[in-house]
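Trainee: Here the protein sequences come in this chain order: Y and Z.
Start counting the first sequence at 519; every next residue gets the next number (the numbering used here).
Start counting the second sequence at 13; every next residue gets the next number (the numbering used here).
Don't read these hints as lab results, they were simulated from the structure.
Treat the hints with caution; some may be incorrect.
[As the list claims (entries may be wrong)] In silico BS3-like links for lysine-lysine, alpha-carbon gap of 30 Å or less:
1. Lys930/Y - Lys289/Z
2. Lys97/Z - Lys832/Y
3. Lys778/Y - Lys102/Z
4. Lys221/Z - Lys832/Y
5. Lys815/Y - Lys182/Z
6. Lys550/Y - Lys707/Y
7. Lys816/Y - Lys46/Z
[Unchecked claim] Among chain Y residues calculated to face chain Z with C-beta under 10 Å, some are:
8. Arg805
9. Met814
10. Asp824
11. Met861
12. Glu864
Every residue gets a Cβ at the ideal spot worked out from N, C-alpha and C, and that includes glycine.
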Amino acid sequence: MDQGKKIISLSAIGVDSPGLVSKITTKIFDMKGNVTDIEENCRRGLFSISLAVDFSASNKSTDEIISRLKTIEMETDLKLILETCDKDKIAPEREDENYVVTVLGLDRPGIISRISTFFHKYHINIENCRMIARGKFFSTEMAIDTGKMITGANLSHNESMEKMSGELKDLCAEMGQSVVIQKENTFKKQKKIVVFDVESTLIQSSSLRDFTEKIKRRSKLADSKVKPEVKSGDGKRGQAQELIKNASALKGMSIQDFEKLSETLTLNPGAFELIQILKSMGFKIARLSAGFDCSMKKIFGISGADYAFSNTLKVDQNDIITGKLEEPVLTDGTKNEILEMIMGMEDIRPDQVIAVGDGPALSRLPADIGLTIAFRPEDTTTRADGIFCGDQIINILYCLGVPKTELDKYLKKIP
Amino acid sequence: MFCIEAEALKLRLQVIRVDSLREHEGILSHVADKLILEFKNWADLENPVIIDENDVVLDGNHRTYVFKKLGFKHIPVCKIDYFSKSVSLKYWFRMVAGTKGLGILRRIAEEMGGSLQPATDKGIFVRIMEDNPFAYGVQQGSLYNIIRFPKEIVNDAVAAYEVLEEIQEKLKQEGLEIEYIPCQSAHDSDFCNGLGDKNIVIWTPQITKKMVVDAAQECRLFAPKTTRHLIAARPLNVNAPIHWFQENVSTEEINVRFSEFLRDKEIKRFGPGQVIKGRYYEEELFVFYDRR
Chain Y
519 MDQGKKIISL SAIGVDSPGL VSKITTKIFD MKGNVTDIEE NCRRGLFSIS LAVDFSASNK
579 STDEIISRLK TIEMETDLKL ILETCDKDKI APEREDENYV VTVLGLDRPG IISRISTFFH
639 KYHINIENCR MIARGKFFST EMAIDTGKMI TGANLSHNES MEKMSGELKD LCAEMGQSVV
699 IQKENTFKKQ KKIVVFDVES TLIQSSSLRD FTEKIKRRSK LADSKVKPEV KSGDGKRGQA
759 QELIKNASAL KGMSIQDFEK LSETLTLNPG AFELIQILKS MGFKIARLSA GFDCSMKKIF
819 GISGADYAFS NTLKVDQNDI ITGKLEEPVL TDGTKNEILE MIMGMEDIRP DQVIAVGDGP
879 ALSRLPADIG LTIAFRPEDT TTRADGIFCG DQIINILYCL GVPKTELDKY LKKIP
Chain Z
13 MFCIEAEALK LRLQVIRVDS LREHEGILSH VADKLILEFK NWADLENPVI IDENDVVLDG
73 NHRTYVFKKL GFKHIPVCKI DYFSKSVSLK YWFRMVAGTK GLGILRRIAE EMGGSLQPAT
133 DKGIFVRIME DNPFAYGVQQ GSLYNIIRFP KEIVNDAVAA YEVLEEIQEK LKQEGLEIEY
193 IPCQSAHDSD FCNGLGDKNI VIWTPQITKK MVVDAAQECR LFAPKTTRHL IAARPLNVNA
253 PIHWFQENVS TEEINVRFSE FLRDKEIKRF GPGQVIKGRY YEEELFVFYD RR
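Chain Y on its own, in the form it takes in the complex (with noise of 0.2 Å):
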């Protein structure tokens, strides 16, 4: 064997013919190469293809196997790039070095621009780029090495990961654009059940805060002698917790009466196409609520979840709600209990759960989770995979590494 013999990397673009790939390959075979990365790409009947291949085992010559390669051009009417590398400069394959960024939203100039001069400035390598979405709404994929990242004085790789996602969160924010960063094994494995923090994420805040409102009106709680502890300004999860602990302040309302009042509660938008998506798509789906049980029938009806926990309001014979909550009452602490009995009950790992919450939710939640998204956190630097910055909660489906051509099947059955 030729110890000397090198990587030889082959690059070829041109028009599409059947049979492209098949012509290239056998080349290299009856030449005992051996094709160790392939990338090939077919777009708008435009073909591309990359190689990386070892001919360590041929027993021609690194300048006949080029000149032997070169014929593919004549052969296939492609223009071919051929190049030679020393095997030991061949970076190994680390996963645990590989992220997936997904970035999305609203599409202006430069995002690309400025996220691919921001990787640079850490020696970030793009190893594969893809356009999900193009149009009003932009939303690309980039697969990422992090293996070379220029790490921070005395930062592990983890801790300077972290640092650098934070920043690429920032850079994404000031461009309106709502980015998720996922371990790329992570990524690939297949995941089984989506956990939607309810109050954060499916009911839109500004019809919360009417609910709230509304419930101290009805309740006359200026003359009674339980004080409202509702805080204005006090954020979502803030109205959600208050709201349980005065359900007192709901004594003696009529439990039809209290779920008219639900009837202000909305949902964000693409919020109930997103749980029907997801279903047909396979996955399980939970609502974890803090709220009470009847404004949650009230708002969900039919866009069923495999698990719905929230608390709910105790009531007389008479439907008269009795200002007590049944125990145990669900509050955000337990929702990280709750999810481990799912977890428990479905067997799955947390690498097959996709949590979407605020950032107090998430942080309640088992850190070994697959994929955390914060939706519309108050707070920027929360810790998750992926900060959502949008309105339309319906994206997400474009972090899940899902083909186009399937996700557009889907999202052409939205009205």
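Fit chain Z to the given chain Y structure using the hints.
Mentor: Same frame as chain Y, but now just chain Z:
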């Protein structure tokens, strides 16, 4: 035995001999056949059958049938106090779709020796139904009628449901479809308003818990879809390996195994109003699951 103290009910999980179970109502053959087919692919029994102190099956009639049919020796059950206030006996009403009025029911009742008479209003109708456990109610729009049979034809609760089955069969022969609906639906104004004139609801005889137990102890079966028990608490997701219940071991031995199996699991308690595995539960739940 593995005991769970729910808020208003004690749940006693154990394994008993299949042949000691006493069903109180018949099965729907299409449901049972489907369950037998599915059952052969199951590795675990998800939820135990709920029974009373005298081994009368309250919830899980079809599962019991399958266990008996497939020759199982034992079955996991959850024993409760049936006469507790936390266990309500409700009924399955029948909705007859596509009728052209009460004429057909009147004719069938009269052919069978009974009579159909109007009730003045809903209040009186409800009272008559409550006071006469062997009477049938007929609701069509805002009209309420009562069907009664003489004692020679309907002399007890089981017979009342047998006659109901016969009425149903005759309605089916006339090309009408029968749907089972929870009795509470008939009190829901949205549901009633949506009925229109072509849908008739038959209120089934409002039998008592004692009648259920008496019939089961006498080995007499009510018609399928007679009772609908609302039990204030239930265990879920027990998932006991089915093959255990085929083994030729003693009841004591399998109970030890079953209790240890349950002790190894985590239990999470929930108040009513949760959705688990796509089903909405109005009762307190004790969900078993395996530790990660």
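Trainee: Determine for every hint whether it applies to the structure shown.
Mentor: For each hint, the structure was consulted:
no.	hint	in the structure
1	Lys930/Y - Lys289/Z	28 Å, holds
2	Lys97/Z - Lys832/Y	17 Å, holds
3	Lys778/Y - Lys102/Z	28 Å, holds
4	Lys221/Z - Lys832/Y	26 Å, holds
5	Lys815/Y - Lys182/Z	39 Å, violated
6	Lys550/Y - Lys707/Y	34 Å, violated
7	Lys816/Y - Lys46/Z	33 Å, violated
8	Arg805	8 Å, holds
9	Met814	8 Å, holds
10	Asp824	5 Å, holds
11	Met861	6 Å, holds
12	Glu864	9 Å, holds
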